[in-house]
Structure formats: C-alpha cells, structure tokens
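J.: No gaps in the numbering here: position 43 of the sequence shown is 43 in the working numbering, and each next residue is one more.
Everything labelled a hint here was simulated from the structure, so no lab data went into it. Incorrect hints may appear among the rest.
[To be verified] Straight-line Cα separation of at most 20 angstroms, EDC-like style, residue types lysine to aspartate or glutamate; simulated pairs: (1) K336 to E179; (2) K336 to E364; (3) K336 to D322; (4) K336 to D347.
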Amino acid sequence: MPQPLRLAFASPLPPARSGIADFSAALLPYLAAGAELTLFVDRPDQLAPALQVTYPCHPLSELPARRAEFDLPIYQIGNNSLHAAIYEMALRYPGLTVLHDLDLSQFRGHELLVEQGDFAAYGRELARELRLPGYAAARRLWQNEAGASAPQTAFHTRLVRRSLGMIVHNETARRQLHEAHGDRPVRHIPLLVDQFPTDNYRARLNLPADAFVFAAVGQLNRHKQIAWSLTQFAAVRQDHPEAHFLLVGEALPGEIDLPGLIRQLGLDGAVHHIDYVPAATDFLNWTAAADVLVALRQPTLGETSAAALNGMAAARPLIVFDQGWYSELPATVALKLPPMDEVAFQDCLRHCLTHRPQLAAMGEAALAYVRREHRPETIARQYLDFCARMLA
Numbered sequence: 001m002p003q004p005l006r007l008a009f010a011s012p013l014p015p016a017r018s019g020i021a022d023f024s025a026a027l028l029p030y031l032a033a034g035a036e037l038t039l040f041v042d043r044p045d046q047l048a049p050a051l052q053v054t055y056p057c058h059p060l061s062e063l064p065a066r067r068a069e070f071d072l073p074i075y076q077i078g079n080n081s082l083h084a085a086i087y088e089m090a091l092r093y094p095g096l097t098v099l100h101d102l103d104l105s106q107f108r109g110h111e112l113l114v115e116q117g118d119f120a121a122y123g124r125e126l127a128r129e130l131r132l133p134g135y136a137a138a139r140r141l142w143q144n145e146a147g148a149s150a151p152q153t154a155f156h157t158r159l160v161r162r163s164l165g166m167i168v169h170n171e172t173a174r175r176q177l178h179e180a181h182g183d184r185p186v187r188h189i190p191l192l193v194d195q196f197p198t199d200n201y202r203a204r205l206n207l208p209a210d211a212f213v214f215a216a217v218g219q220l221n222r223h224k225q226i227a228w229s230l231t232q233f234a235a236v237r238q239d240h241p242e243a244h245f246l247l248v249g250e251a252l253p254g255e256i257d258l259p260g261l262i263r264q265l266g267l268d269g270a271v272h273h274i275d276y277v278p279a280a281t282d283f284l285n286w287t288a289a290a291d292v293l294v295a296l297r298q299p300t301l302g303e304t305s306a307a308a309l310n311g312m313a314a315a316r317p318l319i320v321f322d323q324g325w326y327s328e329l330p331a332t333v334a335l336k337l338p339p340m341d342e343v344a345f346q347d348c349l350r351h352c353l354t355h356r357p358q359l360a361a362m363g364e365a366a367l368a369y370v371r372r373e374h375r376p377e378t379i380a381r382q383y384l385d386f387c388a389r390m391l392a
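Turn these sequences into a full structure, and let the hints guide you.
T.: Shown next, in the form of structure tokens:
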C-alpha cells in the first residue's frame, strides 16, 4: 500500500479575514484523509485553536529548512497582501500553486510600487509580463512622463513559469493559462462546498410578510459594484416598495461609504447592513435570508466566487454578469446579464419581484448543482491525484 503524501500547506487561515483562509480551512480535513499535512503560516500562535491542535504548525519562514521532510508544498495564492510571503516562497521553492485569482495586479503592483517603492523590481516584473513594452512603460512611470500610467497586466507570469503545477477553480481560468503558458501543467478543480444553512435569519430583519430581499454577501469592495447595484435598485424600488436589499460583510474602508450612499439614494429602511460575520454558520444563515443573491463582479479577476456558491448552497438563485466563471453557470441557477448594463439589471430586478415561483425552482436547482459539482471528497481526491501525477 503506498505511503500517504507528505504535504506542506501554506495559506492564510482563520482567523484571517479572507475567503481563501476559510476555503483552506474547509479543505484541510478532506486532504488529511489521504495525506499527511503540515501547516506553514506567518504566525502559528495566532491560528484558530482548532487548527493548532489538529495539525502540525510551523512559521512559514521555516519551510526552506524543512522542505526535505515533504513530498510537495502547496501554496494558496490570491490577489491580496495576505499572500505576500507565500508568493515569495512559491517563487523560491516551487511546488503546487493554487491560483484563486488570475489577476494579481492589485497585490503585486501595489506591493512593488506603493509599499516598497521599488521601480526597478516593478520594471522587471512588467518586462516578464509584457516584454519590452512593459519595461518601457515602467521607465515612463519612473521618469514621471506626462500621461504615463501603469499598464494592465495580470502579474502572474513568473509564478506560473516557476510553479511545478497549477490548480485553478474554473474552466475559464484554466483555458486562459493554457493559451498563455501551454507547456505548464494546469488543472481545473472546483472550489468545495461543505457547509449549508442551519437556519434562516430573515426574521431578524423584522420585514413585512410580502417583503422581497435581494442580497450581496462577502467582503464589500469596489469590484462587487455595490454602489452601482444600489443605484439601480433605488430606481426599481420607486414602483416596488416591497423590495429590500441586504448586505452581509465588511465594507472596505476607502472603497465604499455605505451610510452616506444609503442616505444619498434615499434608501433608509430599505437597505440592511450586517457587518463582518466571523462564524461560517451565521454567514450562511444570513445568506438564506435573501430571495435572490446579487453576485456581480466587474472586473472579474479570474476568480470563482465563494459568496455565489454560498448563495447556491442556501438554495438561492443568482444574478451575475455574463463573463468569466459566471458564464459557466447553467441558466437554471443564474440570471446572466451584460456587464454594467443598467437597463438589463433593472429589468432583471423587476422580473425577480414578479416571478417568485420561478426563482424558487432555480434555487432548488442551484442547491442540487453545488451538491453535485462541489463535493469536498471528490475535490480533495482530485487534489491528491494531481499531486501524485506531478511527482510521478
């Protein structure tokens, strides 16, 4: 009988406020059923107690000295500064990289230009991404030329080229990586869904019996187009006073002034904000309070939305922009719109308000979809099979 793989697992983990931290924590027990796991994080003493007692934990800085103890390191990488040290480790000691966002520009560009002020490193990174035009663009920025601006690029080329293998969570991302880096081993393995609501917190909102609740959940940042969504919602609500909008999650400072926006749009009493919810069960129960989940992203960064999957796990249909992973969803579970089309979005909201039986059927289809396509045992087995293939 083959020995289980010995895997070093580097990722943000709870209590870090990160969807990737939550995903990694959920994945661990299923991977551990077929492998020996050791966690590497910035501060093991700050990990959730349950993780500390379940798995060996070490500082990420110890991974280089301990790497001979493992068959393979797994690096979870997203477009967030929480991944800075993990990103550097993945470059120095390549392994299996799980790329949650294809576009790392918000993280890498900000780190090099703003935090480090290292134009030379920024220029080298752009040259790797865009070759000579990238380096020329960096020089124009360095020389402060009039009209110079940072070019649009994903900042993932060096990581992809260095990694022994890549996992992405949707077919769109896999196809894009294959087209750009066809010689690199890339596998599409879905995000897992292993938790479902145990309650419905709708009653806590004290709404009228005929109320209809749209919701956006998860970290409220500019990419989720909250201000745009509420502006269109305000127009629709003039003829539909039964409509309400629930926001569940932390509003990122500097990206959205939620109280000011609500006052400006005249939506006091119609928009309900539940701040950061640390417990996954409570988060899912708040998600279940909605009739429809508004899961918009513009731009999309190649991600698969855990918030959207949570909505489907709560048997709620989605409203999405028809791009990226969202285009891959079946029409039986999601209403797909052209990105940033105000008329289409308003019409969609009105359609939802007048077609409740259709939405209930879509919600049941959404629940069946995540139970079928996002089973954690299947996903963990695919992870381990890919690891074994990389080591063969």
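J.: All hints, please: hold or fail.
T.: Do the hints match the structure? See the list:
no., hint, in the structure
1, K336 to E179, "violated, 26 angstroms"
2, K336 to E364, "holds, 18 angstroms"
3, K336 to D322, "holds, 5 angstroms"
4, K336 to D347, "holds, 12 angstroms"
Of the hints listed earlier, the one the structure fails to meet is number 1.
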